[in-house]
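Novice: Chain by chain, the residues:
Number of protein chains: 2
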Amino acid sequence: MAADKGAVRKVLDKAKADGRTALTAPEGKALCDAYGIAVPQEGVANSAADAAKLAGAMGFPVVLKIVSPDILHKTEAGGVLVGLKSTDEVSKGYETILANAKKYKASAQIEGVQVQQMLAGGQEVIIGAVTDGSFGKLVAFGMGGVLVEVLKDITFRLAPATKDDALSMLDGIQAAEMLKGVRGSAAVSRDALADLIVKVSELVTDFPEVAELDLNPVFATPKSAIAADVRIVLDFAPPAPRYRPSQQEILTSMRRIMQPDAVAVIGASAEDGKIGNSVMKNLINGGYQGQIYPIHPKADEIMGRKAFKSVKDVPGVIDIAVFAIPAKFVAQALVECGEKKIPGAILIPSGFAETGNVEGQTEIQEIGRKYNVRLMGPNIYGFYYTWKNLCATFCTAYDYKGHAALSSQSGGIGMAIIGFSRSAKMGVSAIVGLGNKSDLDEDDLLTFFEQDDNTHIIAQHCEDLKDGRSFAEVAKRVTKKKPVVVLKAGRTAAGAKAASSHTGALAGNDKIYDDVFKQCGVIRANSLRDMLDFARGIPKLPTPKGENVVIITGAGGSGVLLSDACVANDLKLMAMPADLDQAFRKFIPPFGAAGNPVDITGGEPPKTYQNTIRLGLEDPRIHSLILGYWHTIITPPMVFAKLVVEVVEEMRGKNILKPIVASLAGDVQVEEASEYLYDHGIPAYPYSTEIPVAVLGAKYKWARGAGLIR
Amino acid sequence: MAADKGAVRKVLDKAKADGRTALTAPEGKALCDAYGIAVPQEGVANSAADAAKLAGAMGFPVVLKIVSPDILHKTEAGGVLVGLKSTDEVSKGYETILANAKKYKASAQIEGVQVQQMLAGGQEVIIGAVTDGSFGKLVAFGMGGVLVEVLKDITFRLAPATKDDALSMLDGIQAAEMLKGVRGSAAVSRDALADLIVKVSELVTDFPEVAELDLNPVFATPKSAIAADVRIVLDFAPPAPRYRPSQQEILTSMRRIMQPDAVAVIGASAEDGKIGNSVMKNLINGGYQGQIYPIHPKADEIMGRKAFKSVKDVPGVIDIAVFAIPAKFVAQALVECGEKKIPGAILIPSGFAETGNVEGQTEIQEIGRKYNVRLMGPNIYGFYYTWKNLCATFCTAYDYKGHAALSSQSGGIGMAIIGFSRSAKMGVSAIVGLGNKSDLDEDDLLTFFEQDDNTHIIAQHCEDLKDGRSFAEVAKRVTKKKPVVVLKAGRTAAGAKAASSHTGALAGNDKIYDDVFKQCGVIRANSLRDMLDFARGIPKLPTPKGENVVIITGAGGSGVLLSDACVANDLKLMAMPADLDQAFRKFIPPFGAAGNPVDITGGEPPKTYQNTIRLGLEDPRIHSLILGYWHTIITPPMVFAKLVVEVVEEMRGKNILKPIVASLAGDVQVEEASEYLYDHGIPAYPYSTEIPVAVLGAKYKWARGAGLIR
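Going down the list, the protein sequences come from chains E and U.
Start counting the first sequence at 1; every next residue gets the next number (this note's numbering).
Start counting the second sequence at 1001; every next residue gets the next number (this note's numbering).
It should be emphasised that the hints constitute simulated quantities derived from the structure, not laboratory data.
Just so you know, these numbers come straight off a predicted model, no measurement behind them.
Idealized CB from N, CA, C, for every residue including glycine.
You may find that some hints are simply not true.
[Said to hold, decoys possible] Lysine-lysine pairs mimicking BS3-like chemistry, simulated, CA-CA at most 27 Å apart:
| no. | chain 1 | residue 1 | chain 2 | residue 2 |
| --- | --- | --- | --- | --- |
| 1 | U | Lys1466 | U | Lys1480 |
| 2 | E | Lys511 | U | Lys1274 |
| 3 | U | Lys1085 | U | Lys1223 |
| 4 | U | Lys1545 | E | Lys607 |
| 5 | U | Lys1053 | E | Lys274 |
[Unchecked claim] Partial list, computed: chain U residues near chain E (C-beta under 8 Å):
| no. | residue |
| --- | --- |
| 6 | Ala1022 |
| 7 | Pro1026 |
| 8 | Ala1030 |
| 9 | Glu1354 |
| 10 | Thr1396 |
| 11 | Glu1671 |
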């Protein structure tokens, strides 16, 4: 059924003309009718027979109510009867109400008796819509009563929501089981509920002035979902949508910015300790092969490179200008960048919005927009793009090439990324500081990294999303191709308060981030270490072809903890088929435990690990392996590591690629063995049963979201 | 009110005589009455006036029911009236019922009319008791309906529960807020509910044959808590309580076992690769100064030590015998140990219950009991007690002395403990393998470590607790003095299945472990790394004197993540008093953020860290500090580390001791700085904002449980 948008427009125009921001009940009903949102049926009868007919058509029980402009207190007048269950009761009820009304006020003008479908039974649920400052229109679903009010058991999706989105909401609440029928009640119609959610999401999308909408309660039964009450709040002055260049425009600039052939350093300096000196050193010592133009008001040459007074004096084309000058000089230099048609300004200087200088930041934003110069920062450490040997930053140089692209809103977190990457040998393609995000933000980076062949995974730390809606739209597309991990800080009220004192960002309801990230296929990291471990581990793993995970372990104790971790990370331990169980048993001691985990027991020689791992890789019913190693003299750590790599490479030769992660329990030699395994494509962790499984779980989360596993 | 135990005994004896395992409703009521558990009031009236009087005394509304041995179907006979709201209605109701009864069956013998209090309104809750295989009697509490049935929102405590235990249960469910009154309903009487819980817990404790008890629903109102329905299941053949020596006996043996002056190695060997050889090497190379007696059927001397054919041939006293012989020879050698009056046998050999050889294990258990030899294992790596330089194990030697005593049920986890300890320089007092736990278990270790001055924290990995009741009793006492951390594996159904294939242990409901650990002040670790990090970090921290935590950070971004972590770990960020805020502001740049976190901003010199940390330590309103460091050229990592230690030592000089943890964000040099800080008593972590806060949170959890913070 196509929505009757004209009817809605009429109601909203009238409310606007009246200067109202809330709709009356009949107006709310009119909107519901226009979008096919089921509400209780009703009609006005002018005879007992009429009333009985109406009631018969809508189904029992019904409510009868007197309709009279002269009777305000209907109940007091005996003008309301509830729970009438048959045509007979309705006929009689009609007469009773009329008689009561006449007795109450003989002169009353009676327009008839309203017959209304009476809702009862079924599950009471809530469907609503809100307008979020960052994400815009969101549709919400939860169970009625205490579950929403006390336990906050509610779930959100971006509007408009697809039918699949809506169905996922029904499973997205803690009390999901209740919809399937518990304590003798029947299962509700998932179809009817999902339809209602979709329609609500379409209504608020089509009419942005609908700021809030509540259907509460909705009675959900095995056949229908009917909204017993509608509440609608309007806002006729919604904020103007944020300006966004087209994806193609973004990409054109971002390619030149992230992979520049010529870099100007505004405020370049030969003096140790100056930021402009650190930037020059990092560019040169980092091995950057493009042009480097120091910009300095007086110098002729800095660190062996010819210096210029302004970017405008540079003869060639410039792709980015790195700013290493105080805040107060930025605007003027930025104008010159604009005139020189430089597509990107890397604004290291602090002293803008984060210190209260909001006007200063607005000024540079306007210059950037006017000249089409994209701004990174201000208040950042700069950025790295390793495949160009580019360290456009005042931090230490970084050169371990790889495929993880990371970004951070905060400089501190950026430094943690650099340190961890170096220490854990996590190869990176890029590390980017976003700071105040006056212009470039997470979605611009996603757009670039999406098509950057050097990048296989994108991991972002953020405290807010200036434009959650754009982020979600881009992320939904990008996650189909590459995993995107986000560490959203400020998830708790206390954290959000700190976030707000830090960047002036207002954190929304954290559950919204959780749900929207899931809707877009984004993997949410719960901690800084998780984000780093995911960025490091996920790209090493081939995409799993199915849900069947098998644990092979030399330590029964690790097997138990690994199983726990599988459940915690939504991984499915394969139910071991009898023939496969037999096949494993052939390799392990009689007192070992087959099943899953396959417990090969602790005292086994390398051969046992080898045979069972080979079987695990060869059998097509198994999709992923988790290895639990136990340090013994019979199979020392490096022997284990090498045999695993050998089997994996043998299988790669047969084009068998499955994700494998490993947990190593043992003395310090397991650290070297873990490193060897990681270097050979197997994420492996000493002294931990949780991290390997969390990494595999994150890979699965991504693969499911991208539709690669069904 | 003292319980009427005689009345209960009478009811139970009758049920037993009848061969019943369930009680009738009146019998259930009799038990409730005996323990002062409120049930609806009732009485039998023989006149209308009588009925009215009874009803008036118990309060309206009431239910009337005919009492007649000749009328079985009361409702059919018109013999039941519900919801009577006044004396008048009751009087008339009495007459109506009598008239109906006579009409129904003129010959019926009428014994009167039962007047019963009718419960309605208030919150419906569930109070119950269950018998757990490991913990014995437990009392349970939850909200009625879907909250328990669908969301499993229920909490347990060991019975008998104190009033404080009971009150903590009311706050221990997710929906706790509902008891405080939501949606216009009044708060229920916490006192009445807690009383009911205590009484139920006493009833099942006094009468172990009460296997299950359900009060469902209990109507909780602002004034009372009344059980509308009682269900009781009996078990007249409860398992015999496990034999436990007295705490003094345990201690006497454990002291000799853990700190032996003479060790026999049964199966000692000079041959490389043999377990008996590894044990000898570890003892000798580990630097053990006591007597070492190799036991071997033929050798005269092994590794320079005189060998004996049997422990019985050794002239002196022996404290422990380490077994390095196959399972089949263990029993005979154990008898000899018994005859030699050796108090402890360290049973390394596998091949007992874990391989299905249950009889073999029972046999050695019986020998141990007969001769009073305590058994460690079988199926273990042995144990370490560093302060005696004792490595009674076939694993690698370990000698880094410290104050954490660790144990593991699994050998693999034991090796992970050893590797992590060595790598992270976690000083340990002991590492113990418990394996099959045929005798010695976690509570024996707790009893020893409680009084061992070398041990400041106890951390235990377990897959089951053979005797959760004993563990809980001992833990409750020990945690008052020292923190106890437990990693309970098999927390999920999948994990529990693996645990059961591994050790034959049946895992109970994981929520029971959660709740009982909390009741006993035990800190539950969620992961292997958490257990290890807690064992390493907690003993370094002084006990906090109060709940006020302040974050001082150079990286605003770390501040946000640290705040998030505080909430996740139940830490309270102090609301900064105005004068203290002013005091901090004096030290930080104008655009830094005071409040909490105190954001000193990134570009600050060492002095700023120094001043703010000193202020944080000096001000008595602040009880703990969390530091967030950001690597800059102005304050490099080691400069930061040293200045922190300097300030902390200055304060120690003034006897100011507060817990401090640190999160270091920066390049790889922060690893060395973290190590330096840890070595000087400040748990510090590179690239993580979560671990430091989790460690501090665990210290607080312990201190609160031990009653050191109120």
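Novice: Any hints this thing doesn't respect? Which numbers, in order?
Specialist: 2, 4, 5, 6, 7 and 8
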